[in-house]
Amino acid sequence: MANFVIDSASKLKEKLEMVESLSEIEIATKIIEKTKNLSDIDILNDHYKRLNCDIKGIDKNVRNNF
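So the sequence shown is numbered by our numbering: it starts at 13 and just counts up by one.
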């Protein structure tokens with residue numbers, strides 16, 4: 013039971029880090045559950061949408077000197 017007593021700053025820091033880790037695990041678990049039934053393509057599209065960018069194809073007949 014002495015393990016549960018927070019009687020120093022180092023123990024407090026350790027317990028706070030544990031709670032933070034558990035919170036991150038909970039978030040990751042929710043994300044995994046959300047995407048569990050999606051195909052690989054759907055998951056990639058979802059990640060791409062989150063980037064908030066747009067890729068446009070270029071005309072293969074147009075020559076550019078980069």
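For the record, the hints were derived by calculation from the structure and aren't laboratory data. Here a beta-carbon is modelled for each residue, glycine too, at the ideal position from N, C-alpha and C. Treat the hints loosely; a few may be bogus.
Label-pair ranges, simulated between beta-carbon atoms [as the list claims (entries may be wrong)]:
hint, residue 1, residue 2, range
1, Ala21, Gly69, 27 to 35 Å
2, Phe16, Asp58, 24 to 32 Å
3, Met30, Asn73, 55 to 63 Å
4, Ile44, Ile67, 35 to 43 Å
5, Arg75, Asp54, 34 to 42 Å
6, Thr41, Ser20, 40 to 48 Å
7, Ile53, Lys23, 42 to 50 Å
8, Ile18, Glu45, 31 to 39 Å
9, Tyr60, Val31, 41 to 49 Å
10, Lys48, Lys23, 33 to 41 Å
11, Val74, Met30, 41 to 49 Å
12, Val74, Leu34, 52 to 60 Å
Restricting the straight-line Cα-Cα distance to at most 25 Å, the calculated cross-link-like pairs of lysine to any residue (SDA-like) are [to be verified]:
hint, residue 1, residue 2
13, Lys42, Val31
14, Lys48, Leu34
15, Lys61, Arg75
16, Lys61, Val74
17, Lys72, Asp58
18, Lys46, Ser35
19, Lys46, Lys27
20, Lys25, Lys46
21, Lys72, Ile55
22, Lys61, Lys25
23, Lys42, Ile55
24, Lys23, Ser33
25, Lys27, Ile39
26, Lys72, Arg62
27, Lys48, Glu38
Status of the given 42 to 50 Å range, CB of lysine 23 versus CB of isoleucine 53: Holds - the Cβ-Cβ distance for isoleucine 53 and lysine 23, about 47 Å, lies within 42 to 50 Å.
Below or equal to 25 Å on CA atoms is what counts here, so check lysine 46 against lysine 27. With Cα atoms ~29 Å apart, lysine 46 and lysine 27 exceed 25 Å; violated.
Would the hint linking lysine 27 and isoleucine 39 be met if the CA-CA limit is 25 Å? Status holds; Cα separation ~19 Å.
Cβ distance range 33 to 41 Å for lysine 48 and lysine 23, holds or violated: Because 37 Å falls inside the window, the suggested range holds.
I want to verify a distance hint. Is the separation of the beta carbons of tyrosine 60 and valine 31 within 41 to 49 Å? Hint violated: Cβ distance 33 Å, outside 41 to 49 Å.
Would the pair lysine 61 and arginine 75 pass a check requiring their Cα atoms to be no farther apart than 25 Å? With a Cα-Cα distance of about 30 Å, the restraint between lysine 61 and arginine 75 is violated, given a limit of 25 Å.
Do the Cβ positions of isoleucine 18 and glutamate 45 conform to the proposed distance bound of 31 to 39 Å? holds, 32 Å
For the pair supplied as a hint, lysine 42 and isoleucine 55, is the alpha-carbon distance within the 25 Å limit? Answer holds: lysine 42 to isoleucine 55 is near 14 Å, not above 25 Å.
That 34 to 42 Å hint for arginine 75 and aspartate 54 (C-beta), does it hold up? About 36 Å separates the Cβ atoms of arginine 75 and aspartate 54, which means 34 to 42 Å holds.
Cβ-Cβ distance between methionine 30 and asparagine 73: within 55 to 63 Å? Because 60 Å falls inside the window, the suggested range holds.
Given the hinted pair lysine 72 and aspartate 58, is their alpha-carbon gap at most 25 Å? violated, 28 Å
Is it true that the C-beta distance of threonine 41 to serine 20 lies inside 40 to 48 Å, as the hint says? With Cβ atoms ~31 Å apart, the hint is violated.
Hint compliance for this structure: hints 1, 2, 4, 6, 9, 11, 15, 16, 17, 19, 20, 21, 22, 26 are not met, and every other hint is.
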